[in-house]
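A.B. asks: The lines below spell out each chain.
2 protein chains.
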Amino acid sequence: MFENQLIKEILEKYREIWAIGHAQALLEWDSETYMPREGLEERAVARAELSLLAQKLILKPEFVELVERASGVEALNDYERGVVRVLAREIRIMKAIPPRLLAELTKTTQEAMYAWRVAKESDDFSKFKPYLEKIVELTREKADCLGWKEHPYDALLDLYEEGLTTRDVDNVLEPLARDLKVILEKVVSEGRFPRKHPLEDVKYERSWMESVNSEVLRLLGYPLGDKARLDVSAHPFTIGIGLGDVRITTRYEGFDFKRSLLSTIHEFGHATYELQINPSLKFTPLATGVSLGVHEGQSRFWENIVGRSREFLEFIYPVLRRNLPFIEKYTPEDVYYYFNAVRPSLIRTEADEVTYNLHIVLRARLEKLMVKGEIKVSELPEQWNNLMEELLGVKPTRDSEGVLQDIHWSMGSIGYFPTYTLGNLVAAQMKYHMEKDLNLKEKIASGSFNELKEWQRVKIHSYGSTYPPKELLRRAFSEEYVPEYWLKYLREKYLSI
Amino acid sequence: MFENQLIKEILEKYREIWAIGHAQALLEWDSETYMPREGLEERAVARAELSLLAQKLILKPEFVELVERASGVEALNDYERGVVRVLAREIRIMKAIPPRLLAELTKTTQEAMYAWRVAKESDDFSKFKPYLEKIVELTREKADCLGWKEHPYDALLDLYEEGLTTRDVDNVLEPLARDLKVILEKVVSEGRFPRKHPLEDVKYERSWMESVNSEVLRLLGYPLGDKARLDVSAHPFTIGIGLGDVRITTRYEGFDFKRSLLSTIHEFGHATYELQINPSLKFTPLATGVSLGVHEGQSRFWENIVGRSREFLEFIYPVLRRNLPFIEKYTPEDVYYYFNAVRPSLIRTEADEVTYNLHIVLRARLEKLMVKGEIKVSELPEQWNNLMEELLGVKPTRDSEGVLQDIHWSMGSIGYFPTYTLGNLVAAQMKYHMEKDLNLKEKIASGSFNELKEWQRVKIHSYGSTYPPKELLRRAFSEEYVPEYWLKYLREKYLSI
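If you read the sequences in order, they're chains A and B.
First residue of the first sequence? That's 20 in the working numbering, and the numbers climb one at a time after it.
First residue of the second sequence? That's 20 in the working numbering, and the numbers climb one at a time after it.
Any given hint could be a false lead.
Any copy will do: because identical chains look the same in the list, a pair fits if it lies in one copy or spans two.
[Stated by the list, open to error] Lysine-lysine pairs mimicking DSS-like chemistry, simulated, CA-CA at most 25 Å apart:
| id | residue 1 | residue 2 |
| --- | --- | --- |
| 1 | Lys489 | Lys414 |
| 2 | Lys126 | Lys32 |
| 3 | Lys126 | Lys27 |
| 4 | Lys75 | Lys301 |
| 5 | Lys126 | Lys200 |
| 6 | Lys450 | Lys32 |
| 7 | Lys32 | Lys114 |
| 8 | Lys148 | Lys205 |
| 9 | Lys301 | Lys126 |
| 10 | Lys246 | Lys414 |
| 11 | Lys472 | Lys348 |
| 12 | Lys75 | Lys32 |
| 13 | Lys79 | Lys222 |
| 14 | Lys148 | Lys472 |
| 15 | Lys301 | Lys391 |
| 16 | Lys507 | Lys472 |
Honestly, the hints are just simulated from the structure, not real lab data.
No experiment lies behind these values; they were computed from the predicted model shown.
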């Protein structure tokens with residue numbers, strides 16, 4: 020796989036950087052799961068020190084020089100080229116942002132995350148406003164440092180989804196928004212899917228859902244104990260500590276059990292990507308999913324396309340029936356409609372499949388304006404509320420349910436949101452192409468999930484970060500990000516005609 | 020605490036090394052508790068890489084030069100001098116062992132640990148012999164590299180207990196052995212303490228002992244969740260991840276419940292040392308217990324002097340009664356005799372207080388001979404069995420119960436065993452001096468454990484590694500390692516006259 024001597028030398032030197040990454044992943048996992056409360060201060064210092072150390076090692080002149088020399092070599096295979104691309108990109112990004120700016124961003128976002136929490140809890144945007152203003156200012160500076168051609172937002176989008184441009188976002192999100200509004204109106208007026216389902220209010224005991232989650236994970240073929248774990252955290256996440264050690268978390272809120280189950284299945288999708296990377300990429304910079312959007316494609320595929328399907332819910336109905344005493348009053352069909360209620364709502368994280376991407380359209384539009392300096396931070400709350408009314412037909416009456424709902428901007432993550440929608444598009448794109456090779460409904464109905472995973476492994480997962488996202492999609496599907504599959508999927512599922 | 024500019028500069032640079040140590044501790048904890056099976060390969064590589072990286076950072080010429088300059092500075096306070104001492108010692112040890120020897124030792128011990136396991140399982144010393152021969156050869160070379168004056172064993176002892184010499188070991192262990200044999204004979208002939216107790220065979224459900232362990236830890240004031248954890252592993256251990264994050268593990272074998280409880284209390288003792296280090300030493304090389312012997316003193320104090328005392332067992336009797344249904348048939352006095360059965364046995368880890376140190380005497384004698392080349396590895400099994408008969412009056416019939424029982428030598432840990440006995444001595448020494456300041460029996464009987472901990476904090480724990488072990492003991496007790504207190508403790512507890 021890696022034959023070139025120069026690449027071998029790079030990978031040999033990269034091992035210590037990889038090892039720091041391995042440790043950082045475990046430190047992060049532990050911070051969210053098992054760390055005692057008072058471990059926080061030392062943990063924060065350790066993570067910051069290790070991140071500086073890794074940066075120092077990547078930017079070592081000898082290492083940079085090796086990567087530069089490798090960039091000039093013609094006779095590299097795809098994997099070797101991937102190594103050079105990923106490392107050169109990391110070096111470029113690290114070099115572009117001056118230490119002074121990085122330090123200021125770190126300091127500001129740390130304070131901003133706290134201010135955001137206070138502002139959200141007291142429903143008072145003015146407490147967050149000065150921090151967000153500073154973040155926007157620093158982020159615009161960051162975009163300039165990183166460099167861009169058509170729009171400063173390009174530089175930021177690329178951080179989360181290599182090669183993604185504002186033009187891509189416009190081309191994908193705006194047509195999507197137009198069609199989604201039409202679909203949403205029809206779904207609501209037809210009334211076949213409920214706005215709210217009684218099961219949303221039914222309480223469960225944590226141990227019941229623990230059994231459901233682990234039984235469902237076993238049915239999905241998740242290698243619990245061998246190469247994977249399931250734990251609990253406030254916000255579910257997936258982390259790849261190694262190709263032989265991938266961990267997901269879920270949450271137990273005690274009511275509306277689909278949230279816990281869908282979170283688990285969503286993270287299972289992320290984990291499957293990491294677990295199916297070619298083991299020969301171990302210890303290299305290619306040993307992880309290539310981008311947030313492609314990663315989210317895997318999680319949404321399993322959460323939505325599989326997890327919310329009639330066939331899947333019928334298949335796991337016995338598991339629900341066995342562990343959740345209240346299910347006996349509901350048929351599999353009832354459960355299907357519970358998992359697929361549709362209603363325009365104020366909160367992104369609670370949105371259904373039909374409305375979800377409209378929340379993203381709103382954020383992307385505002386981010387684009389912010390980054391270009393075409394909107395003042397003080398105007399955000401009103402603009403947010405107006406856009407909500409325009410896109411979803413509902414209008415927040417409080418900023419905590421509006422512009423203050425997401426943590427992302429307080430963390431300086433501007434340009435991140437569009438990857439959520441890319442995820443939905445990639446999920447539907449995979450469904451479309453998968454159905455040319457196998458009978459998806461039948462496979463789900465019979466629990467033959469390994470065949471779905473194997474298809475994903477061959478087309479996407481095994482490559483890790485070898486190809487940049489668009490090239491990966493082109494190689495697999497002869498196209499890039501395409502909104503039509505997602506619209507087709509929604510129409511077939513939610514509209515009667 | 021740290022005022023000197025040079026020391027401040029050293030500590031500033033030390034932070035990244037500290038951070039690697041923090042990560043290494045978590046990696047180790049996770050490897051023994053929650054890591055999925057197939058995470059092993061990547062974990063091993065990561066740990067090896069990080070350990071090389073830390074070594075590289077410590078041996079960086081700029082860092083070494085700073086430490087050397089600081090060694091020459093007169094006007095340092097105790098803490099500053101401690102920093103210089105600990106770092107200079109680490110540098111000296113790392114520099115002394117050539118990379119070639121280190122690599123050979125690592126490779127040999129990795130193979131030897133596997134060979135030892137196979138040899139033990141198949142009760143066949145010949146399968147381990149060639150590896151142990153190689154280890155002894157390399158270890159003798161290591162001792163020479165480290166340097167020694169009177170005996171090569173000195174160089175090895177010092178690795179585990181700074182400043183400990185063969186002369187110390189002889190002065191302490193040999194008189195101890197003589198008196199222990201006399202005490203053991205008397206205890207056995209008096210027959211007041213049982214050789215075996217029926218509770219040893221009683222089975223328990225894991226959840227029962229989980230409750231007992233966590234309730235007892237709460238009574239002891241262990242800060243579960245705040246600064247500490249309790250988890251499960253094959254071999255119980257304590258690990259300080261930070262001063263605000265100390266973790267212990269225990270084991271559940273399903274029978275003979277005192278093993279699980281005493282393991283928990285033993286590790287609680289270790290954890291208390293780490294938890295009570297002065298928080299101002301955070302992020303410095305002083306932020307950990309100073310040596311294995313002093314550390315073991317803390318664990319044995321809590322396990323034996325407190326945990327096996329009549330007062331303690333009466334105090335926790337209600338906890339046992341509430342959680343272990345079979346206890347109702349036994350009085351607190353029965354439980355006391357169950358916790359304190361005495362019998363000469365073949366296996367060190369199952370030994371009682373009276374016989375335990377005789378197992379160590381045996382190992383120390385053989386190690387001394389091995390390191391000096393005065394005994395061949397092929398002679399070890401027979402010598403072991405003869406010494407067992409001489410010291411304990413029992414003779415193994417199989418090497419798996421004799422020379423093959425401990426993992427230590429296969430790991431290259433020669434010189435480690437004596438610290439177990441030092442632990443017992445320090446525990447009894449603390450008891451003796453503590454009783455001059457407080458009524459120990461009364462404090463234990465009333466569950467006033469915080470007063471015991473506070474006494475330990477002031478005398479020993481708060482200093483971390485500020486003073487080398489012997490100086491720490493001299494400062495606290497005006498003496499070093501003294502065997503008499505341990506003998507006095509045994510006589511008072513086990514002999515009627």
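A.B. asks: If you check each hint against the structure, which ones fail?
C.D. replies: Numbers 1, 5, 6, 8, 10, 11, 13, 14 and 15 - these are the hints that the structure violates, sorted from lowest upward.
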